[in-house]
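Visitor: Model the placement of chain B on the given structure of chain A, informed by the hints.
Residue numbers (the working numbering), protein chains in the order written: chain A, 1022 to 1350; chain B, 3 to 346.
Calculated from the structure, these hints are not laboratory results. Hints are supplied without guarantee of correctness; some may be wrong.
Claimed, not checked - Here's a subset of chain B near chain A, in silico, CB distances under 7 angstroms, partners left out:
#1 72
#2 180
#3 207
#4 211
#5 212
#6 215
#7 216
#8 219
#9 223
#10 240
#11 244
#12 282
#13 283
#14 284
#15 289
#16 297
Said to hold, decoys possible - So these bits of chain B aren't anywhere near chain A, every CB distance computed over 12 angstroms:
#17 92
#18 133
#19 301
Cβ atoms here follow ideal geometry from the backbone N, Cα and C, with glycine treated the same way.
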Amino acid sequence: MSALLEIEDLRTHFFTTSGVVKAVNGISYDVQEGETVAIVGESGCGKSVSALSVLGLIPNPPGRIVGGAIRFQGDNLIGLDDLQIRNIRGRQIGMIFQEPMTSLNPVLTIGLQLTETMEHHLGMDRADAEKKAVEYLRLVGISEPERRIRQYPHHLSGGMRQRVMIAMALCCEPRLIIADEPTTALDVTIQAQILELMKNLTKRLGVALIIITHNLGVVARYADRVNVMYAGKIIERGLAADIYREPRHPYTLGLLSSVPRLDQPRQKRLDPIDGQPPDLTRLGEGCSFLPRCKFAVDRCESEIPPLETVGNGHLSACWENENLETARG
Amino acid sequence: MTPGASALESGDRLSRNGEAGDVLVDVKGLKMHFPITEGIVFNKLVGLVKAVDGVDFHIRRGETLGLVGESGCGKTTTGRCILQLERPTQGEIFFEGVDLTKLDQVALREYRQKIQVIFQDPYSSLNPRMKIGEMIDEPMYVHGIEPDAQKRKQRVSELLSVCGLNPKMADRYPHEMSGGQRQRVGIARALSLEPDFIICDEPVSALDVSIQAQIINLLEDLREEYNLTYLFIAHDLSVVRHLCHRVAVMYLGRIVELADCDDLYDNPMHPYTRALLSAVPVPDPEVEQGRDIRIVTGEVPSPINPPSGCVFHPRCPIAVESCSKEAPALREIKPGHWVACTEV
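Same shape as in the complex, but just chain A (with noise of 0.2 angstroms):
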């Protein structure tokens, strides 16, 4: 079986006055459908500009995909013109954003930005699509949508409003949505409404989700598989249990190790990761990770490491991936 998405050596770049910022330097990763994937990693490594290369949402001057391929059900999308990719962009591929705030349109009510896609995509009437509006934001756990859909954004909560756009990501009936760090504005209690609904709604309509987030608490949780990225590659992948059971990067141990777990004992002292992530524009010839790594070796300031398997379905690009298990103990 293909995958859904399949992305190939993906290389998006921004020609900045202080130098190029290769933001996402070469990474490969699939789909496959149904599946939650969840791509992890701090500001800065490359997640979000990964998801919107797919969407064709790279704002090009400064930005640019140098190289690569992205194929969504077989076809690939680096290459098609606007018309084509708006056809798929909304249509086949949903997306949801950090901001419900500011991804709204605050002057056209919530029904018109609803019906909109609708009547674009599915060629529906506009009675048709409020009708089906109404029926996603009851999905979504609206209440009262028959009035909601006259209603603005600002009426809105922040939490309803990330309700409008899942509604909003789910009406076209797409294969794949792609969430870019869907809860993060949200306090903790909405947080875990809208991930539950999250998920009941794409196991229900078997639509596959890529998350990108930062909290590995959320991943946790919602992720079938793991891509972890750091400064425009991805350094380890596998099933989330692996990933966390047994992590095969430093950064990857290092990140797991560094917060604060409720439902552990409390630590003495929190282990950090030391330094900071590196400047992008000025990477070396070696590992991207190094400064900041507990378990260099010389080898690893000539040659960057390729992502290799270390274990079924587990990769991980790194020297010295088979010397962390001593480490931890």
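Guide: Structure of chain B alone, referenced to chain A:
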């Protein structure tokens, strides 16, 4: 007795830096209501935002009190009231036994030195046109702590290295630094006046995970080194658990539960605290798969028109009829564990 007074006897981790001190900060019946006005000429009062609506707690010297809650629950406003950046509508704030709300601006200056703040956003809390060194130097100059410019410069270098920055960075501007480094500057600036008490308002929530842990460790080291007292305001429950001795949970302007940190996390009593703790996903798929999470429905109501009785009752899974009529007072369920709920 104010809530939590006896919790300290069990505060084992306090003994790390000597025994629990005297009460440093004592907040009594704090209320902060912001007026909503309409019209330009007459400014007619049309309502009140009850940001903080009757809050009592105290903090002992050397202790870290956590103040947690979701956005809009009044945790930041409480901090701003203690700093006297807002003059509270009602209530008293004692610092070393002196009621700050009764002092005028001149008399307050002495206390401004002793109470410092670290803000959430390291991008907007540093002046973009000032060099790092100048920013740390200015408070010492203003308060006349050290008249000799050369000695102040020496002190700036010391503070930078204490906070894990290279003293050479004194000549840089904020835009040349990363978020974590800027937050370290914010901490160095707060320390420059040798305060007794620091209000940390979400100091790590704008930072990446790997940097968060660095700043948390720094805050802990500084507390021990300088015998500091913190009010740690945050929404991240796991960070609060790591850093605090006691924790107060706020909801819609009120404290709903206050207890010793371990006690609160091991044995949460208030339905809101339970819901909050249950909503935090644990970074471990094996734990998560088996965990049964309790999701509270609905959203935080508006503080302009809060629900009658217990403010949590519209979302509460165990609410009974009387909850909508009478607001439950904070009562001590067991030594040091205070809960504002009639049903526990």
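Visitor: Does each hint fit the structure? Answer for all of them.
Guide: Do the hints match the structure? See the list:
no.	hint	verdict
1	72	holds, 4 angstroms
2	180	holds, 5 angstroms
3	207	violated, 10 angstroms
4	211	holds, 6 angstroms
5	212	holds, 4 angstroms
6	215	holds, 3 angstroms
7	216	holds, 4 angstroms
8	219	holds, 6 angstroms
9	223	violated, 9 angstroms
10	240	holds, 4 angstroms
11	244	holds, 4 angstroms
12	282	holds, 6 angstroms
13	283	holds, 3 angstroms
14	284	holds, 5 angstroms
15	289	holds, 5 angstroms
16	297	holds, 5 angstroms
17	92	holds, 27 angstroms
18	133	holds, 20 angstroms
19	301	violated, 5 angstroms
Hint compliance for this structure: hints 3, 9 and 19 are broken, all remaining hints hold.
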